[in-house]
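Student: Top to bottom, those sequences are chains A and B. The numbers in my numbering rise by one with no breaks, and the one at position 51 of the first sequence is 51. The numbers in my numbering rise by one with no breaks, and the one at position 149 of the second sequence is 149.
What the hints contain is simulated information worked out from the structure, not anything from laboratory work. Please read all numbers here as calculations on a predicted model, not as lab measurements. All residues carry an ideal CB built from backbone N, CA and C; glycine is no exception. The reader is advised that the hints may include incorrect statements.
Stated by the list, open to error - Sample of chain A residues at the chain B side, in silico, Cβ under 7 Å:
| hint | residue |
| --- | --- |
| 1 | E118 |
| 2 | A119 |
| 3 | V122 |
| 4 | L123 |
| 5 | G124 |
| 6 | T130 |
| 7 | P137 |
| 8 | Q138 |
| 9 | I140 |
| 10 | A210 |
| 11 | Y214 |
| 12 | R215 |
Unchecked claim - Within a straight-line C-alpha distance of at most 27 Å, the following computed DSS-like cross-link-like pairs (lysine-lysine) qualify:
| hint | chain 1 | residue 1 | chain 2 | residue 2 |
| --- | --- | --- | --- | --- |
| 13 | A | K141 | B | K93 |
| 14 | A | K179 | A | K156 |
| 15 | B | K135 | B | K172 |
| 16 | A | K127 | B | K79 |
| 17 | A | K127 | B | K25 |
| 18 | A | K127 | B | K130 |
| 19 | A | K209 | B | K112 |
| 20 | A | K42 | B | K79 |
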Amino acid sequence: MSTTVMLAQLLKGMVVTAEIFFLTLIFSLPLGLFISFGRMSKNSIVKGISKIYISIMRGTPLMLQLIVVYFAPFYVFGLKISNYRFPAIIIAFALNYAAYFAEIYRAGIESIPVGQYEAARVLGYNKVQTFCRIILPQVIKRILPPVTNETITLVKDTSLAFVLAHAEMFTMAKQIAAKETSIVPLMVAGVFYYLFNLIVAWGMERLEKAMNYYR
Amino acid sequence: MAQNSKVLLQINHMRKCFDDVEVIKDISLSVREGEVVSVIGPSGSGKSTLLRCATMLETMDAGELIYLDENAAWEENGKCVYASKAKLREIHKNFGLVFQNFNLFPHYSVMKNIIDAPVIVEGISKKEAKERAEKLLAQLGLSDKADAYPYQLSGGQQQRVSIARALALQPKILFFDEPTSALDPELTGEVLKVIRELAKEHMTMIIVTHEMQFARELSDRIIFMEQGVIQAEGTPDEIFSSSNQRVREFIGKFQS
């Protein structure tokens, strides 16, 4: 196999990796916010369920979660869903990352001084206005560093999709490496992951700088 | 102050407990339009709690709270009941509160801090809100700070912005919770000056303060609180020449 063919295949895998990455973020970031609300709820049932959810998602391997999400519909419920492989990957990733994001949101929300809520309340803001206009913008600034951490981890975690034999970059690299009995494809994949993360880190740094107009 | 002017705020038999500690024990108080009332007393006497209950940041355990003849809270079967959310929203418009720690919104510029509530809550146009804000900033000597962010301002400037923010909603009563306690003496002066000017314009104000001299010169009435009750109440002259032992001791400490 020529180098160009290998690179082309890995790049194709890279596109799939990027798909998993972006779709996971799109779903898990808002979902995490809802779970953090549940986690902070005054209703002890809602709070308990959220805690258990977070505990399981963080306490079991993502690889196992991928397998469960993919196979459970058939083996547990007898459902046959066509073209389920890719959705299963996104669902598992989103559910898992939402648990981590929920705890990051919670830390951010709880770090906002109570005076901000009180000022908003006395000025007549309702709860939604207070959260969206006063609290959330400040939370986002505060949680950017831990979110960057998670995001970088996610880039690398996408490789776990290989357990469902989906054609993302790591799966491709392993297949080529086995066929060619060469470690080079894996090394190249490593470089691609690294470059991807350089871009992610650069983007997040830009975002942090953009939020630096206030302290 | 005219004794026949309108009563803006009426508190009857307010009680408030935190856990098992009764912080406010049966306090009644009325404030008339144009009056400046200072609340003094040692730390832990319940002054701030009184203010927080009056501004509904805390819910009282018993008593009545009435703003301009509108009941915000009353007693029913021995329990304190608050008015509906919609009603309370209306009642809220009557007063503003200036915090000890300013509590400005750090992610908003000075201008945005001032115009956001009028636009969002009151629903006036951005243009009108801006005009209002510019007037206030000029009045408080902050015209050149409209585009600054709170972290770029001194404590005194931040407190003046928070006063402007409260005034932008055109409240009938303005509460101050130790407005200068977080400031050094130099910055304290510039904030007191603003409050003095508001008093001249007959703004109705209730001020919890440790600035005795200021309370004396500015207030129409001083309330001395201790252990959750009003120990003494009267004109500054009455309070400063009070025969009440505790009042004398407390004021004495500040005059030495």
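Student: Are K179/A and K156/A close enough, with their CA atoms no more than 27 Å apart?
Tutor: holds, 23 Å
Student: Using Cβ atoms only, decide whether E118/A comes closer than 7 Å to chain B, and label the hint accordingly.
Tutor: Where the cut-off is 7 Å and the nearest Cβ of chain B is about 5 Å from E118/A, the hint holds.
Student: Between K209/A and K112/B, is the straight-line Cα distance small enough, at 27 Å or below?
Tutor: Holds: K209/A and K112/B sit about 21 Å apart, inside 27 Å.
Student: At a threshold of 7 Å, is the proposed contact between A210/A and chain B supported by beta-carbon distances?
Tutor: Cβ of A210/A sits 12 Å from chain B, so the hint is violated.
Student: Next pair to validate is K127/A with K25/B; report whether the Cα-Cα distance is within 27 Å.
Tutor: Violated. K127/A to K25/B sits at ~31 Å, over the 27 Å cutoff.
Student: Against the 27 Å threshold, does the CA-CA distance of K127/A and K79/B hold or violate the hint?
Tutor: holds, 26 Å
Student: Holds or violated: is there a CB of chain B closer than 7 Å to the CB of A119/A?
Tutor: holds, 4 Å
Student: Quick check on the hint: R215/A CB to chain B CB, less than 7 Å?
Tutor: holds, 4 Å
Student: Has the given pair, K141/A with K93/B, been kept, meaning a C-alpha gap of at most 27 Å?
Tutor: violated, 31 Å
Student: Can P137/A be said to touch chain B, with a Cβ gap under 7 Å?
Tutor: holds, 5 Å
Student: Holds or violated: the hint that T130/A contacts chain B, with Cβ atoms closer than 7 Å.
Tutor: Result: violated, 10 Å to nearest chain B Cβ.
Student: Using Cβ atoms only, decide whether G124/A comes closer than 7 Å to chain B, and label the hint accordingly.
Tutor: With a minimum Cβ separation of about 4 Å from chain B (threshold 7 Å), the hint on G124/A holds.
Violated hints, listed in ascending order, are 6, 9, 10, 13, 17; each of the other numbered hints is respected by the structure.
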